[in-house]
Amino acid sequence: MKPTISSGTPRNVHFEFETNGFLTAQELFELYGHCSEVIHTHNPFKGNITINFRLSITDWAARIEKLLTFHLFRLAGLPQVWVGELSDPQNGKAHVYIASPN
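Residues 1 to 102, numbered by the working numbering, are exactly what the sequence shown covers, in order.
Everything labelled a hint here was simulated from the structure, so no lab data went into it.
As the structure is a prediction and not an experimental result, all values here were calculated from the model.
Some hints could be false.
Said to hold, decoys possible - Computed list of lysine to aspartate or glutamate pairs in DMTMM-like fashion (alpha-carbon distance at most 25 Å, straight line): (1) LYS66 to GLU18; (2) LYS93 to ASP59; (3) LYS66 to GLU30; (4) LYS93 to GLU65; (5) LYS93 to GLU16; (6) LYS66 to GLU27; (7) LYS46 to GLU30; (8) LYS66 to ASP88; (9) LYS66 to GLU85; (10) LYS93 to GLU18; (11) LYS66 to GLU16.
To be verified - Estimated spans, in silico, between C-beta atoms of each pair: (12) THR50 to LEU28: 19 to 29 Å; (13) LYS66 to VAL13: 12 to 22 Å; (14) SER100 to ASP59: 28 to 38 Å; (15) PRO79 to SER6: 20 to 30 Å; (16) LEU78 to ASN43: 41 to 51 Å; (17) ASN12 to THR69: 18 to 28 Å; (18) GLU37 to ASP59: 10 to 20 Å.
Ideal Cβ positions, reconstructed from N, Cα and C, are used throughout, including at glycine.
Could you put the whole structure together from the sequences, leaning on the hints where they help?
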């Protein structure tokens, strides 16, 4: 998602929200369950266990990264909206911007 930023003061930023390809709440629970199966000790009497992650680790990571590319959040008691950017295309660093909602 690349925001559209107007020129002038104040600047207006418009985000087109993604509709697919990012990690959903249901997939988070699914992935958590798979990871839990991997990290916890298995019953030695149960034999070998195969865990089907459904997607490759690369695909899971891409979904998480897409979810976090841009994210909006608010801090309790403050009216501003904070915009988190995972990786700025110009310098590769994460940034947080403070905005006022319209």
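Query raised in the report: Are the Cα atoms of LYS66 and GLU16 separated by 25 Å or less?
Result: This hinted pair holds, its Cα atoms lying about 13 Å apart.
Query raised in the report: Taking 25 Å as the top limit, are the C-alpha atoms of LYS66 and GLU85 close enough?
Result: holds (11 Å)
Query - Satisfaction of the hinted span 20 to 30 Å by the C-beta atoms belonging to PRO79 and SER6 - result: holds (21 Å)
**Report entry** Beta-carbon spacing of THR50 to LEU28 - inside the hinted bounds 19 to 29 Å or not
**Finding:** holds (22 Å)
Query raised in the report: Would the pair LYS93 and GLU65 pass a check requiring their Cα atoms to be no farther apart than 25 Å?
Result: Given pair LYS93, GLU65 holds - Cα atoms ~14 Å apart, limit 25 Å.
Requested in this report: Given the hint that LYS93 pairs with GLU16, test it: the Cα-Cα distance must not exceed 25 Å.
Outcome: Holds: LYS93 and GLU16 sit about 22 Å apart, inside 25 Å.
Requested in this report: Decide if the proposed pair is consistent with the structure: LYS66 and GLU18, CA atoms, cutoff 25 Å inclusive.
Outcome: holds (9 Å)
Query raised in the report: That 10 to 20 Å hint for GLU37 and ASP59 (C-beta), does it hold up?
Result: holds (18 Å)
Query raised in the report: Straight-line Cα separation of LYS66 and ASP88 no greater than 25 Å?
Result: OK: LYS66 and ASP88 at ~13 Å, within 25 Å.
Requested in this report: State, for the Cβ atoms of LEU78 and ASN43, whether the hinted interval 41 to 51 Å holds or is violated.
Outcome: Hint holds: Cβ distance 49 Å, inside 41 to 51 Å.
Query raised in the report: Within a Cα-Cα threshold of 25 Å, do LYS93 and ASP59 meet the stated pairing?
Result: Holds, at roughly 22 Å.
Query - Agreement of LYS66 and GLU30 with the hint, judged by alpha carbon distance not exceeding 25 Å - result: holds (17 Å)
Of the numbered hints given earlier, the model fails none.
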